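Chemist: Protein chains in written order, with this note's numbering: chain B, 1 to 580; chain P, 1 to 232; chain S, 1 to 283.
Hints are supplied without guarantee of correctness; some may be wrong.
As the list claims (entries may be wrong) - Here are a few chain P residues that face chain S, going by a calculated C-beta distance under 7 angstroms:
id : residue
1  : T53
2  : S55
3  : A75
4  : H76
5  : A79
6  : R80
7  : Y85
8  : G90
9  : F93
10 : N95
11 : L96
12 : E100
13 : L104
14 : H105
These are calculated hints, taken from the structure and not from any lab test. Predicted model, so just to flag it, every value in this text is computed and none were measured. In this text, a Cβ means the ideal position worked out from N, Cα and C, and glycines have one as well.
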Amino acid sequence: MAFSRAASLALAALLLAFPFLSDSFTAYQLGLYLLYGMVAQGIALCWGRAGFLPLGQALFFGIGAYLAGAALKAGVGWALLVPAFAVACLVPALLAGLVGALVFNRQIGSGPYFSLITLALSMLGFQLANSLNGVTGGFNGMTGIPGLPGIDTYETLYFVIVGALIVSTLLLAHVMRAPFGQLLIAVRENEERLQFFGFRTSMLKAAAFAISGGVAGLAGALYAPHQGIVTPQAVGFLLSAELVIWTAVGGRFGLIGPVVGAVLIGFMAAGLRDTFRYWEVAVALVFIAVVLRLPGGIGGLFPSVLRLFAGEAELGKSGIAPHPLAERGHRSAPDLRFDAVGVSMGPVNILNGLDFAISRTGIHCIIGPNGAGKTSALNVLTGRLPLATGDISWRGASLANTRPYIAARSGIGRKFQVPSIFPELTVSQNIEIAVWANRLSAREMFSMQPYAWTTEMLTELRQRFPSLTEGEKSAGSLSVGQRQMLDFSMTLLAEPDLVLLDEPCAGLSAEETRQMIEAIAAIAAETQATFIIIEHDMQVVERLSDHVLVMHQGALLANGTMTEIRANPDVKRVYAGGTK
Amino acid sequence: MSGAPLLSVENLSGGYGEIVVVNGFSLDLAGGEVACVTGRNGVGKSTLVRLVTGSLKPSSGRVVFRGRDLTAAPAHGRARQGMGYAPQEGVVFDNLTVAENLTLHHKDRSLERYGDLFTAFPRLSERLTQRAGTLSGGEKKILSFCRALAEDTVLVILDEPTEGVQPENIALMAEAIRRGKETGRAFLIVEQNLSLVEAVADAAYLLDHGECVYSTTERDGLRARLSERLQL
Amino acid sequence: MELVATYGLNFAYSTATLGLIVLGLAVVFGLLGVMNMAHGEFVMLGAYSALMVQQAGLPYVLAIPLALFVCGAFGWLIEWSVIRHLYRRPFDTFLATWGIAILMRKGVEVTFGREYQSIDQSLPGTVEFFGIDYPAYRLVLMALIVALFAGLFVWYQRSNTGARIKAMVENPELAAAVGIDTARLSRATFIAGVATAGLAGVLLAPLVRVEPYMGLDYLLNSFFILVVGGLGTLEGLLTGSGIIGGADVVISAIFDKTAGYLGVLTISILFLWLRPDGIFSRR
Chain B
1 MAFSRAASLA LAALLLAFPF LSDSFTAYQL GLYLLYGMVA QGIALCWGRA GFLPLGQALF
61 FGIGAYLAGA ALKAGVGWAL LVPAFAVACL VPALLAGLVG ALVFNRQIGS GPYFSLITLA
121 LSMLGFQLAN SLNGVTGGFN GMTGIPGLPG IDTYETLYFV IVGALIVSTL LLAHVMRAPF
181 GQLLIAVREN EERLQFFGFR TSMLKAAAFA ISGGVAGLAG ALYAPHQGIV TPQAVGFLLS
241 AELVIWTAVG GRFGLIGPVV GAVLIGFMAA GLRDTFRYWE VAVALVFIAV VLRLPGGIGG
301 LFPSVLRLFA GEAELGKSGI APHPLAERGH RSAPDLRFDA VGVSMGPVNI LNGLDFAISR
361 TGIHCIIGPN GAGKTSALNV LTGRLPLATG DISWRGASLA NTRPYIAARS GIGRKFQVPS
421 IFPELTVSQN IEIAVWANRL SAREMFSMQP YAWTTEMLTE LRQRFPSLTE GEKSAGSLSV
481 GQRQMLDFSM TLLAEPDLVL LDEPCAGLSA EETRQMIEAI AAIAAETQAT FIIIEHDMQV
541 VERLSDHVLV MHQGALLANG TMTEIRANPD VKRVYAGGTK
Chain P
1 MSGAPLLSVE NLSGGYGEIV VVNGFSLDLA GGEVACVTGR NGVGKSTLVR LVTGSLKPSS
61 GRVVFRGRDL TAAPAHGRAR QGMGYAPQEG VVFDNLTVAE NLTLHHKDRS LERYGDLFTA
121 FPRLSERLTQ RAGTLSGGEK KILSFCRALA EDTVLVILDE PTEGVQPENI ALMAEAIRRG
181 KETGRAFLIV EQNLSLVEAV ADAAYLLDHG ECVYSTTERD GLRARLSERL QL
Chain S
1 MELVATYGLN FAYSTATLGL IVLGLAVVFG LLGVMNMAHG EFVMLGAYSA LMVQQAGLPY
61 VLAIPLALFV CGAFGWLIEW SVIRHLYRRP FDTFLATWGI AILMRKGVEV TFGREYQSID
121 QSLPGTVEFF GIDYPAYRLV LMALIVALFA GLFVWYQRSN TGARIKAMVE NPELAAAVGI
181 DTARLSRATF IAGVATAGLA GVLLAPLVRV EPYMGLDYLL NSFFILVVGG LGTLEGLLTG
241 SGIIGGADVV ISAIFDKTAG YLGVLTISIL FLWLRPDGIF SRR
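Could you put together the complete structure from these sequences and hints?
Modeler: Okay, structure coming up:
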């Protein structure tokens, strides 16, 4: 960490000394590329970290530029200029946040539609800037923008830009190191799983986009005095496109890479554009190569060098207990009701008037042949499938057409049949996210303290499953059994009152199955939580539970103790032919 | 049946990314034989099938079919060599008609190669012009079963063919498999329904954790032995 | 009456040409899932094929085989070198084809120059139609497009290849397992898609501005049309073309060209946000 800080300081010093090592014109040029680099850093936060690609980032850059340009042209002094610059950051940030919230709230995942929307917005901005002559100066641009008062555009403005870059880099570095940054990786890796921990991922993504918009606005605000003119090109598609290329080529996973990309390509373009006609063809080839072979860009080529500048935070792993979960009738008797629940997918009815109620704690098992609708019942309960008819209530409140994060926040934890973890994160990072579930406040997302949180449940789970103690291992390298145990542990670390487990022993060896059964039985007894387990293996069912629900063709077929189920003629008929 | 087996799976391993799901599985299958693979959910049965059909690349081991090493051959190449396959999920093309589902991989688009099967499953021949997406789950399974049993296949690979199928149709499936055996075809069937296994298997393999933990060619008391070993 | 006829013909013309332009992307994006950001550049390549034929003093009809060959060959090259590694990774195809688009734009700019090119109409003059004089070339073009779509529709519904493509789109793994060479079929489909874009370029070249950056507008319009109409069906393609083309014609007539453009963008953004699966989706 100390070394990394030294390296960062050296880099900052080098940037500050640049005008003295070179000439002031080159420094002036460098200033522009550094501004573009700042915008590219914001793109890296969205794209490299959170996995969604903003394709119209010039829009926010251009808005910042026009706002600052208008303030400068009004000739106000520093007293008004500082708030004006703040507005030039805030307006793009709010706009980006609003767009992000609106779009991400409707669409999970990071598909191309968000990218196309940002692209269309940037084109819309370009067209508006072109036609609103009175405000923006139209096609010819907003011209004659004076420099910052008391600062020479060609000499000292450079230092202001470097200062702004240092500030934005430190800010973004903190955002990335804090729990917020780790959650963004989790969004990129497995957004749905994160929702089942109670995180409203659409807001996390919108916040990241807002931060990137604000940084772009700041860069734009400095661009106006730097260039003295702002044309519609500053909001347009072509600049947006180039910004993404610089980010990709420089390296989208860090903060130094995007700046390196913008500066390197900027200088090379300035030097080569006139002498080498195929220069931009060459840039395009490099870009294609990066996409195909080198997702980390130039930054990915020198990971060890870059790590010097982005050292790991010193985390106090001393073990602080997080604030306890809010009282929500904790561990009182569950009250879950399915009333004639119907779910259909296209023409097929998956659930057909499913009716049951669970009113006591302990372990309840759902069995039934493949395709009976067992997993769908859990899906509709947690908002993963839309409810067509009937109603579901949990502790008196309806959960009809809920959303996964709301179900999680009302105390329902879920583990899928196929282990669902964050493969690129380490085991301990996976665990941290689970401990944060339902506990982390918005303020704590930007504080380092939650990294030190630990709970009694975590201690117990580590004793039961030794693979959890190999914290530095990447979760993606775990075996199927270890993944199951990690996923199971993560589900319980959120300390839900209702635990839904979908075939927790699938893919486990006999020994691992025994461990898992023991863990479920012991934890269910200790925590007084309610468990609903889908299980195929009757042996497992018998060991865990005396209450069995049998499903068949989307409805409840039988409901009772194991002995009652065994004696039930309907169940016998359904299972005729199979051993289970 | 003498000479080289029709299908030889040698020490086959594979999985998804870094995760090994099937570990060193071997079997030999001659024409006219039925091999059944069984095991609990999630032990790697479908992965094994996908490694044999070529949908998934193995990390080690060999697949030899009709005397040729097809380990590196793509899935469509294996199908053209005479492997018929009915997967566990995504069994038919919902957007195509029943007839198109049965003929799209044949140049002549003739339905004659399904003559016997249409007699066994008349519902299918009544619905030839209907979109397959409108069929019930069990009917889709039967459609997929029939496609895999077209006359030009020599090895039929079925992944849980009875899932969601009515008992009377399961009996018809078993009958069709027996008739297929008589014409010299080999079957590799992944199945949890032990009554089907008991009805058709010449050899049975029990898979656990991606490895074969038990195999037998003794038919007497087959079901009881498998059933006992399927428990913990 | 004449006014209605004029607007009706303009609307039909605009729908038909948009449909022609978007057809190639509908194939490449709608069927193969490749977000081909170089789609407009293939239209551009088609237009420059027409330019080459004109400069060589050859009959205009020859531009069609030339464009099909140029776009097909280039399509083969990039499918082989880039796209085939990226099927089912739409985001990566998006980025890679974007690089390819820059490459094509710059390549053409270096060869032919940045300036606008003009391409002569092979069918100048107007004919009387429903009581108004309408450009002959436009009428012929509309007839050609209608014939093309009708032929394509029948072929896709009836032919074995059409069924195989549908099968591959729905379930590639099963398609391969029943013996369809999906790698080859994907390549052929991709090449057919980009060649169609080239054909659109040839047919439209005499009517539009031809320059290295012309592809951008076609690209975005095409994406918007597909999003509005929904992917994978010819009906959706035509509905999308009708809505986007109609909005442009109507808003432009009431206000001006810029307003029409802004209106199209706004409609597209709303669709991308609220109904990304198209107007027919039941979500």
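Chemist: Now look at each hint and say whether the structure bears it out.
Modeler: Checked hints:
At about 5 angstroms, the closest approach between the beta carbon of T53 of chain P and any beta carbon in chain S falls short of 7 angstroms, and the interface hint on this residue holds. The beta carbon of S55 of chain P comes within 5 angstroms of a beta carbon in chain S, closer than 7 angstroms, and the hint placing it at the interface holds. With a cut of 7 angstroms, the hint placing A75 of chain P at the interface with chain S holds, because the nearest CB-to-CB distance is about 4 angstroms. The interface hint given for H76 of chain P holds, since its Cβ lies 5 angstroms from the closest Cβ of chain S, which is under the 7 angstroms cut-off.
Hint status for A79 of chain P: holds, given a least beta-carbon distance of 4 angstroms to chain S, under 7 angstroms. Interface restraint check for R80 of chain P: the shortest CB-CB distance to chain S comes to about 5 angstroms, inside 7 angstroms, so the restraint holds. Given hint, Y85 of chain P at the interface with chain S, holds; its Cβ is 5 angstroms from that chain's nearest Cβ, closer than 7 angstroms. With a least beta-carbon distance of about 5 angstroms to chain S, the hint placing G90 of chain P at the interface is held under the 7 angstroms criterion.
With 7 angstroms as the threshold, the beta carbon of F93 of chain P comes within range of chain S, its nearest partner Cβ sitting at about 5 angstroms, so the hint holds. Interface restraint check: N95 of chain P against chain S, minimum CB-CB distance 5 angstroms, threshold 7 angstroms, status holds. Against a cut-off of 7 angstroms between C-beta atoms, the interface hint on L96 of chain P holds, since the closest Cβ of chain S lies about 6 angstroms away. Interface hint at E100 of chain P: satisfied, since its Cβ lies 5 angstroms from the closest Cβ of chain S, which is below the 7 angstroms cut-off.
The interface hint given for L104 of chain P holds, since its Cβ lies 5 angstroms from the closest Cβ of chain S, which is under the 7 angstroms cut-off. Because the closest C-beta pair between H105 of chain P and chain S is about 4 angstroms apart, less than 7 angstroms, the hint holds.
Taken one by one, the earlier hints all hold for this structure without exception.
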